[in-house]
Amino acid sequence: MEEYSEECLLTFLKKQDQLFDEPVAETLPEAEAFLEDCMAVVTDSLDGVRGYFEENGVDVEGMSDEELEEASEVFPLPDGRYLIVEG
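In the working numbering, the protein residues as written are -11 to 75.
No lab work stands behind these hints, which were simulated from the structure alone. Here the structure is a predicted model, which means the values were calculated and not measured. Glycine included, every Cβ here is placed at the ideal spot set by N, Cα and C. Careful: at least some of the hints might be erroneous.
Simulated restraints on C-beta separations [unchecked claim]:
hint, residue 1, residue 2, range
1, C26, D47, 33 to 41 Å
2, V46, E(-10), 16 to 24 Å
3, A21, D53, 28 to 36 Å
4, G68, E42, 29 to 37 Å
5, G36, K3, 14 to 22 Å
6, G50, L16, 20 to 28 Å
7, T15, G39, 30 to 38 Å
8, S60, D25, 15 to 23 Å
9, D53, G75, 30 to 38 Å
10, E(-6), G45, 15 to 23 Å
11, E(-6), D47, 32 to 40 Å
Take these sequences, add in the hints, and give me the full structure.
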């Protein structure tokens, strides 16, 4: 099971509207439970994001790093890592 930092949870709470029409969590415990339920992943780099998508059958071959970072499932974290949430 993935461990989600407070920074990760706060980022998801703040930016969840980029992926969902309505809030799916309002508190840190709700955010953590939601991320655990959908098996969200934290990667150290955009290469990790690209690798994750490729492993899961998503065609990202023609996507630039900018396009990848702007994907609705990708949440850049303040520390340079990335949270990937599949809605």
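Outcome of the hint check:
Between C26 and D47 the CB atoms are about 21 Å apart, so this pair departs from the stated range of 33 to 41 Å. Under the hint 16 to 24 Å, the C-beta atoms of V46 and E(-10), about 19 Å apart, fit the expected range. A hinted range of 28 to 36 Å holds for the C-beta pair A21 and D53, which are about 31 Å apart. A hinted range of 29 to 37 Å for the beta carbons of G68 and E42 is inconsistent with their spacing of about 21 Å.
About 19 Å separates the C-beta atoms of G36 and K3, a value consistent with the hinted range of 14 to 22 Å. Taken as a hint, the range 20 to 28 Å is violated for the pair G50 and L16, whose Cβ atoms sit roughly 37 Å apart. In this structure the supplied range 30 to 38 Å holds for T15 paired with G39, their Cβ-Cβ distance being about 32 Å. Distance hint check: the CB atoms of S60 and D25 are about 18 Å apart, consistent with the given range 15 to 23 Å.
Evaluation of the 30 to 38 Å hint for D53 and G75 yields a failure: the beta carbon distance comes to about 22 Å. Judged by the Cβ atoms, the range 15 to 23 Å given for E(-6) and G45 is violated: they are separated by roughly 32 Å. Restraint check, E(-6) to D47: a C-beta distance of roughly 34 Å satisfies the suggested window 32 to 40 Å.
Checked against the numbered hints given earlier, this structure breaks hints 1, 4, 6, 9, 10; the rest are met.
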